[in-house]
Amino acid sequence: QQQVKQSPQSLIVQKGGISIINCAYENTAFDYFPWYQQFPGKGPALLIAIRPDVSEKKEGRFTISFNKSAKQFSLHIMDSQPGDSATYFCAARTGTASKLTFGTGTRLQVTL
Amino acid sequence: GAVVSQHPSWVICKSGTSVKIECRSLDFQATTMFWYRQFPKQSLMLMATSNEGSKATYEQGVEKDKFLINHASLTLSTLTVTSAHPEDSSFYICSARQGASNSPLHFGNGTRLTVT
Numbered sequence: 088q089q090q091v092k093q094s095p096q097s098l099i100v101q102k103g104g105i106s107i108i109n110c111a112y113e114n115t116a117f118d119y120f121p122w123y124q125q126f127p128g129k130g131p132a133l134l135i136a137i138r139p140d141v142s143e144k145k146e147g148r149f150t151i152s153f154n155k156s157a158k159q160f161s162l163h164i165m166d167s168q169p170g171d172s173a174t175y176f177c178a179a180r181t182g183t184a185s186k187l188t189f190g191t192g193t194r195l196q197v198t199l
Numbered sequence: 064g065a066v067v068s069q070h071p072s073w074v075i076c077k078s079g080t081s082v083k084i085e086c087r088s089l090d091f092q093a094t095t096m097f098w099y100r101q102f103p104k105q106s107l108m109l110m111a112t113s114n115e116g117s118k119a120t121y122e123q124g125v126e127k128d129k130f131l132i133n134h135a136s137l138t139l140s141t142l143t144v145t146s147a148h149p150e151d152s153s154f155y156i157c158s159a160r161q162g163a164s165n166s167p168l169h170f171g172n173g174t175r176l177t178v179t
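Residue numbers (the working numbering), protein chains in the order written: chain A, 88 to 199; chain B, 64 to 179.
Source of the hints: derived by calculation from the structure; they are not laboratory data.
Predicted, not measured: the structure shown is a model, and the values here were computed from it.
Worth double-checking, as some hints may not be accurate.
Unchecked claim - For lysine-lysine, the following PhoX-like pairs were computed, each having C-alpha atoms within a straight-line distance of at most 20 Å:
id : chain 1 : residue 1 : chain 2 : residue 2
1  : B       : Lys129    : A       : Lys129
2  : B       : Lys83     : B       : Lys127
3  : B       : Lys129    : B       : Lys77
4  : A       : Lys155    : A       : Lys92
5  : A       : Lys92     : B       : Lys104
6  : A       : Lys158    : A       : Lys92
7  : B       : Lys129    : B       : Lys83
8  : A       : Lys129    : B       : Lys127
9  : A       : Lys186    : B       : Lys127
10 : B       : Lys118    : B       : Lys129
11 : A       : Lys155    : A       : Lys145
12 : A       : Lys144    : A       : Lys155
13 : A       : Lys144    : A       : Lys158
14 : A       : Lys186    : B       : Lys118
As the list claims (entries may be wrong) - These stretches of chain A come out as covered by chain B in the derived footprint (C-beta under 8 Å, 3 or more residues):
id : region
15 : 122-132
16 : 190-196
Claimed, not checked - Only part of the chain B face toward chain A is listed, based on derived beta-carbon distances under 8 Å:
id : residue
17 : Thr95
18 : Ser106
19 : Leu109
20 : Ala135
21 : Leu139
22 : Leu168
23 : Asn172
Just so you know, even glycine gets a beta-carbon here, dropped at the ideal spot from N, CA and C.
Bound-form chain B, shown alone (with noise of 0.2 Å):
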């Protein structure tokens, strides 16, 4: 089956310090990627989608310069969290779509980042 691996799994950084995590389609090509976040025992809340080739769409309320996104190629989309706060401290979650917009979503295992 399709397998989206995401990386780091677990992340430590200091306030102020970015992070860049990984969401790679291992054997498939995603045209379209999502970054979810999901604080504890919560649901997951989109952040933004991820076209391959063109500027990520974001959710309402998500800061886009803070949360870079590039989705350079159709089996890699990279998340930076930009100048870190405690408050970006969370579960990151990214998903991959196969082919037409009705395909199933495949998701990574997640990041969990930690600011200190």
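Chain A with its partners taken away, still in its complex shape (with noise of 0.2 Å):
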């Protein structure tokens, strides 16, 4: 059962553009959302995390929104850059089980 659904698989965007990545999720005792970037041979890097008690966080050009009643998350990404250009994760965690769940990635490219 895939606990945290992601979309789109991949994205193109161009230079300047903004980049939407949506995920959703079913497990209500989810409190923690966090977002992973990851280029190719390298472990992710946490990008930018909410928790359900605030509906949107923003950080440099990432921006998180959350709505909690539809049990959906999404990540923007303002400006994007070439260098934005990777595979992003979103995942979920309970606070008392402490491992994440991650969805299933989304390959952004950006074009010049």
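Need the complex rebuilt from these two chains, each delivered in its own frame; the hints are there to steer you.
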């Protein structure tokens, strides 16, 4: 059972555009939702994270929007740059379990 | 920031041999470490949770006798792939948590295992 569903699978955005990646979850016990960025041959790096008591969190060009009632959250990358080209994973965790459940990943390509 | 170091970054071994992968937290003590496996263009799948000084907890479907995990200190966990076969070829990634269960996870750079 895929507990965290992520879309799209791949995304091509022009430089300067907005990249939007969506995730949906089923388990209402999840209370921490991070996004990771992974470059080929590297481990994932934490990009930004949110807890369900807020609807939005912004760090630089990266924003998480969170809709608790819909059990959905999304990552927005503003002014996308070629250096943002990577695979992005959403994830979810319950505080007591502490282990992360990952989405299926989105391969982002930012073109010139 | 917290750094997790994994070694080796890549390894090639022959079928039937065993391979050990190390995961170290360099500037913090990690009471819990996690081992993931990632196949090409796929997501990370949790294999096991490693707690310092106790037996690892394996996810359903992961053979504990094949993937031996040892977490002997607060800064080191090892994953040994025993009697490796080509289907074990994958990208293995560890992560470590500093402190409480709600602390962020820090990931290593992964180990690319190729079994010939």
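Verification of the hints:
{"no.": "1", "hint": "B/Lys129 <-> A/Lys129", "in the structure": "violated, 25 Å"}
{"no.": "2", "hint": "B/Lys83 <-> B/Lys127", "in the structure": "holds, 14 Å"}
{"no.": "3", "hint": "B/Lys129 <-> B/Lys77", "in the structure": "holds, 15 Å"}
{"no.": "4", "hint": "A/Lys155 <-> A/Lys92", "in the structure": "holds, 15 Å"}
{"no.": "5", "hint": "A/Lys92 <-> B/Lys104", "in the structure": "holds, 16 Å"}
{"no.": "6", "hint": "A/Lys158 <-> A/Lys92", "in the structure": "holds, 11 Å"}
{"no.": "7", "hint": "B/Lys129 <-> B/Lys83", "in the structure": "holds, 12 Å"}
{"no.": "8", "hint": "A/Lys129 <-> B/Lys127", "in the structure": "violated, 26 Å"}
{"no.": "9", "hint": "A/Lys186 <-> B/Lys127", "in the structure": "holds, 18 Å"}
{"no.": "10", "hint": "B/Lys118 <-> B/Lys129", "in the structure": "holds, 15 Å"}
{"no.": "11", "hint": "A/Lys155 <-> A/Lys145", "in the structure": "holds, 17 Å"}
{"no.": "12", "hint": "A/Lys144 <-> A/Lys155", "in the structure": "holds, 14 Å"}
{"no.": "13", "hint": "A/Lys144 <-> A/Lys158", "in the structure": "holds, 16 Å"}
{"no.": "14", "hint": "A/Lys186 <-> B/Lys118", "in the structure": "holds, 16 Å"}
{"no.": "15", "hint": "122-132", "in the structure": "holds (count 6)"}
{"no.": "16", "hint": "190-196", "in the structure": "holds (count 4)"}
{"no.": "17", "hint": "Thr95", "in the structure": "holds, 7 Å"}
{"no.": "18", "hint": "Ser106", "in the structure": "holds, 5 Å"}
{"no.": "19", "hint": "Leu109", "in the structure": "holds, 6 Å"}
{"no.": "20", "hint": "Ala135", "in the structure": "violated, 21 Å"}
{"no.": "21", "hint": "Leu139", "in the structure": "violated, 17 Å"}
{"no.": "22", "hint": "Leu168", "in the structure": "holds, 6 Å"}
{"no.": "23", "hint": "Asn172", "in the structure": "holds, 5 Å"}
This entry does not satisfy hints 1, 8, 20 and 21, going by the numbered hints stated previously.
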